[in-house]
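A.B. asks: Put chain H on the given structure of chain S with help from the hints.
Chain by chain, the residues run as shown.
Number of protein chains: 2
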Amino acid sequence: MKPILALNAFDMNDVDVLGGALERQLRRRAKLFGAASVLFYDRPLEIVRGEGCWLYDADGAAYLDAYNNVPSVGHAHPHVVEAAARQLSQLNVHNRYLHHGILDYAERLLGTLPASLSNISFTCTGSESNDLALRLASSFTGGEGVIVTEAAYHGNTALVTETSPTSFKKGGPPPRVRVIPAPDSYRVSPELLSETFAGNVAAAIADLSNSGIRFSALLIDSIFSSDGIFADPPGFLRAAADVVRSAQGLVIADEVQPGFGRTGASLWGFQRHGVTPDIVTMGKPMGNGYPIGAVATRPEILDAFCARYGYFNTYAGSPVAAAVGQAVLDVIEREQLMDNAERVGAYLKQRLSDLSVRHRHIADVRGAGFYIGVELVDPLDGLPAPDLAATIINQLRHRRVLIGAAGRSGSVLKIRPPLCFSTVNADQLVAALDEALAAAC
Amino acid sequence: MKPILALNAFDMNDVDVLGGALERQLRRRAKLFGAASVLFYDRPLEIVRGEGCWLYDADGAAYLDAYNNVPSVGHAHPHVVEAAARQLSQLNVHNRYLHHGILDYAERLLGTLPASLSNISFTCTGSESNDLALRLASSFTGGEGVIVTEAAYHGNTALVTETSPTSFKKGGPPPRVRVIPAPDSYRVSPELLSETFAGNVAAAIADLSNSGIRFSALLIDSIFSSDGIFADPPGFLRAAADVVRSAQGLVIADEVQPGFGRTGASLWGFQRHGVTPDIVTMGKPMGNGYPIGAVATRPEILDAFCARYGYFNTYAGSPVAAAVGQAVLDVIEREQLMDNAERVGAYLKQRLSDLSVRHRHIADVRGAGFYIGVELVDPLDGLPAPDLAATIINQLRHRRVLIGAAGRSGSVLKIRPPLCFSTVNADQLVAALDEALAAAC
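Protein sequences, first through last, are from chains S and H. Going by our numbering, the first residue of the first sequence is number 5, and it counts up by one from there. Going by our numbering, the first residue of the second sequence is number 5, and it counts up by one from there.
Chain S on its own, in the form it takes in the complex (with noise of 0.2 Å):
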């Protein structure tokens, strides 16, 4: 499996075709960031400033983004940034003292989620909350065996990258992990899906036990982000989460994409799905670009893994990362982004399926809210376009528009706005689209 990034990244065997300053900070980045260095796009972008919905090159360009969740409110959002500089100027400390603001964001944070989820853990990424995730998973069920479906992506520790099929350049996943098909919701039909994905669930259980592996969890992101986007029918992931229960298993809900409104109806992805997990991991939009992670769990669970480790973060539960973390849930309610997010996202999906009557090339139009996938394929064969999702990407760019890739093969178009997205910049989106369709295909 070629890595999903890979389709969307400049690749540095063609820096000599830019020439002038480009390539110069080019060459300068490959020297500092080594191997590890990847750029979007076949014409990489210099962005020195962020509004809203929008990116500014070094030119003055802007560009509508349709791509980042991280800044989710919309960049340099000012109730953000007043938050974060008011605390940053009065104390920014570890949480071995005690401070209101963290118990104040904690409770409205738990407020949000399930009363049995009462117990909260903050760290600083998405990658370090589904770790320790996997390890309260671990030492609950005395299991470590896990499930994850099979493009899927939960971060970037040691752990975590075993859990995450699509880092892997060579290999894959070590025999403890079991990698089931995704809910391909284009592939499979409405009535089948719950009931196929919940089949391939008991199976990877059945085979962790014949391979002598106690089962722990299954890891599931439920907007299947990476996956290709599957969001519909709501509902489908109960059936798998009651396999999961009945073989005593935990279910982690891993929220780092779909959590905080981005999916629309609901503040959490498993929401969507009325299934109420053992823990829910967060990251990403939660700090608006400010490193903030969360573990919720029961603290049965939390007991478990506290018996036999200490668990301590520096930088979390600060009382900066309470600030902006709040800051964050005001300007979600205040600005009604979750109404935002499901009306112009219901919108600019109704937008994109009409563009599929002019272009065949899209087969399938799907997700909630602001988290969008538009699967190309070759009309011919209706198999996977991967490389026309990486052309029409870079197409996009060059007409403003920031999009990316998702899918197993890559060849899904992964639309993912600042939750301020408006219909002006719905429509924006999709005349760049119809014309970079146009233009490729």
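Hint data in this document are derived by calculation from the structure and do not stem from the laboratory. Computed from a predicted model, the values in this text were never measured in an experiment. Yeah, the Cβ is synthetic: ideal placement off N, Cα and C, and Gly gets one too. Hints should not be assumed to be uniformly reliable.
These stretches of chain S come out as covered by chain H in the derived footprint (C-beta under 8 Å, 3 or more residues) [to be verified]: (1) 69-81; (2) 91-100; (3) 128-135; (4) 357-371; (5) 426-439.
Dumping the calculated EDC-like pairs for lysine to aspartate or glutamate here, alpha-carbon to alpha-carbon at most 20 Å [said to hold, decoys possible]: (6) H:K173 x S:D307; (7) H:K35 x H:E55; (8) S:K174 x H:E111; (9) H:K174 x S:E154; (10) H:K174 x S:D307; (11) S:K173 x H:E50; (12) S:K173 x S:D188; (13) H:K35 x S:D307; (14) S:K174 x H:E50; (15) S:K174 x S:E154; (16) S:K174 x S:D188; (17) H:K174 x S:E111; (18) S:K173 x S:E154; (19) S:K35 x H:D307; (20) S:K173 x H:D108; (21) H:K35 x S:E195; (22) S:K35 x H:E166; (23) H:K35 x S:D108; (24) S:K35 x S:E55; (25) S:K174 x H:D438; (26) S:K35 x H:E111; (27) H:K35 x S:D15; (28) H:K174 x H:E154; (29) H:K173 x S:E304.
C.D. replies: Leaving out everything else, chain H in the frame of chain S:
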């Protein structure tokens, strides 16, 4: 081994004694954070504001901070706050777009390191840095065997916890992690220290080999902070590094504690020892509280890892991380904080040594710059006195001076103030410690 932290942690069983608003806040916190909640001191502090080397509680009382090394250039330093606020208001996004800020910062940081370490990867925390470093070493050497000191703490991810003996409440590191005695300069004579430590490293490598485990790396904090602070004689690490190299292993310098000028004479702790590490990891003081970490290494080491895995860290290497990191380096230079750490650190160490004449429980005063350890023993039998250390730390807290504990048994007072600590502050600390020792012994 009793976890070190527990020695200075508030015990929730004592909550009834406190009463009033403090008791209510503690119960509220325990309910939210559960078993993972840890607070310092027998009467936890509610800190609401910080400035320079001072912290202020909810009643406005000032506490002299001789503990916190994360807000390293001083609490709420205006230059750092302004840099963060300015950049937050402009752009805070991942580094798959070009941004001059992170390139400038990367160049400045690499300019302080040995020329061989020419690649840098940014992370958000010291834990993420050490997690990545261990995997870099493993990819490059093909080995999994790691050597750490017996009371080391290197962070909180699954992989890094395995190399942190102090994080285990039950059991200990897995067989691939070998735990060796710290270079205890109090109990081993200076002439033998280098040879003894190198001998322990060699024995651990042989032991790994006998167990069929290929050696990968020595992971070392060159100030041995949680082991009890062992700094002298400078250069004692060289022999151990030579042993590691002759066994085709790598030296990972964990600079999360000694880095960024804390030890006074050099920016990096390993420089005191004349050692060139293969990998250097950074964290805590890097952003004065803003979550930043980094890993610097040789290109061929990063290449080996990147041939197998992709690595991306969403929040890391952002324009804000760069601006904050630059501001911290600015302050270290402009306010000559390394010189201050060396000069005032030496003064403080001398004054603490003078105290030992009157207080026979002080067995040893040691350290470098602003990382100072005061070893407390029972004068009758010379055995470590962890209970006395806990008493003194709490006595000082009631005298409004904040320090911590270190060492295998927690018998070492850990003194590690922000780098702006003055000789006046040093006198205040020594006077309070003098009183506390008189009262306790």
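A.B. asks: Please go over all the hints and tell whether each is borne out by the structure.
C.D. replies: Okay, the hints, checked on the actual structure:
With a cut-off of 8 Å between beta carbons, the region 69-81 of chain S has 5 residues touching chain H; three or more are needed, and the interface restraint holds. Residues of the region 91-100 of chain S lying with their CB closer than 8 Å to a CB of chain H number 8, which satisfies the three-residue condition for coverage. For the region 128-135 of chain S, the stated coverage by chain H is satisfied: 6 residues place a CB nearer than 8 Å to a CB of that chain, which reaches the threshold of 3. Closer than 8 Å: that is the beta-carbon criterion, and the region 357-371 of chain S has 0 residues meeting it against chain H, so the requirement of 3 is violated.
Beta-carbon proximity to chain H at under 8 Å applies to 0 residues in the region 426-439 of chain S; the threshold of 3 is not reached and the given coverage is violated. Distance restraint check for K173 of chain H and D307 of chain S: the Cα-Cα separation of roughly 13 Å lies within the 20 Å cut-off, and the hinted pair is therefore satisfied. The straight-line distance between the Cα atoms of K35 of chain H and E55 of chain H is roughly 31 Å, outside the 20 Å bound, and the hint therefore fails. Annotation: proposed proximity of K174 of chain S to E111 of chain H is violated, straight-line Cα distance about 31 Å (limit 20 Å).
Taking the CA atoms of K174 of chain H and E154 of chain S, the gap is near 35 Å; set against the 20 Å cutoff, the hint is violated. Using a Cα cut-off of 20 Å, the hinted pair K174 of chain H and D307 of chain S holds, with the two alpha carbons roughly 14 Å apart. As the CA atoms of K173 of chain S and E50 of chain H are separated by approximately 48 Å, the hinted pair breaks the 20 Å bound. For the hint pairing K173 of chain S with D188 of chain S, the CA-to-CA distance comes to about 23 Å; that exceeds 20 Å, so the pair is violated.
Between K35 of chain H and D307 of chain S, the direct Cα distance comes to roughly 12 Å. Compliance with the 20 Å bound is thereby established for this hinted pair. The hinted pair formed by K174 of chain S and E50 of chain H fails the criterion: a straight-line CA distance of about 50 Å is larger than 20 Å. Under the criterion of a C-alpha separation no larger than 20 Å, the hint pairing K174 of chain S with E154 of chain S is consistent with the structure, at around 15 Å. Between the alpha carbons of K174 of chain S and D188 of chain S the distance comes to roughly 25 Å, so the proposed pair goes past 20 Å and is violated.
With a C-alpha separation of about 31 Å, the suggested pairing of K174 of chain H with E111 of chain S is violated against the 20 Å cut-off. A C-alpha spacing of about 14 Å is found between K173 of chain S and E154 of chain S, which places the hinted pair at or below 20 Å, so the restraint holds. At roughly 12 Å between alpha-carbon atoms, K35 of chain S and D307 of chain H fall within 20 Å of each other, so this suggested pair holds. As the CA atoms of K173 of chain S and D108 of chain H are separated by approximately 30 Å, the hinted pair breaks the 20 Å bound.
Distance check on the hinted pair: K35 of chain H and E195 of chain S sit about 43 Å apart at the alpha-carbon level, beyond 20 Å; violated. At roughly 33 Å between alpha-carbon atoms, K35 of chain S and E166 of chain H are farther apart than 20 Å, so this suggested pair is violated. A C-alpha spacing of about 12 Å is found between K35 of chain H and D108 of chain S, which places the hinted pair at or below 20 Å, so the restraint holds. Our distance criterion of 20 Å between C-alpha atoms is broken by K35 of chain S and E55 of chain S, whose separation comes to about 31 Å.
Between K174 of chain S and D438 of chain H the alpha-carbon distance is near 61 Å, which puts this suggested pair outside the 20 Å criterion. With a CA separation close to 10 Å, the supplied pair K35 of chain S and E111 of chain H stays within the 20 Å bound. In summary, the hint linking K35 of chain H to D15 of chain S is not supported, as the alpha carbons are separated by about 51 Å, beyond the 20 Å threshold. For the suggested pair K174 of chain H and E154 of chain H, the alpha carbons sit about 15 Å apart, so the restraint of at most 20 Å is met.
Between K173 of chain H and E304 of chain S the alpha-carbon distance is near 17 Å, which keeps this suggested pair within the 20 Å criterion.
Checked against the numbered hints listed earlier, the structure breaks hints 4, 5, 7, 8, 9, 11, 12, 14, 16, 17, 20, 21, 22, 24, 25 and 27; every other hint is satisfied.
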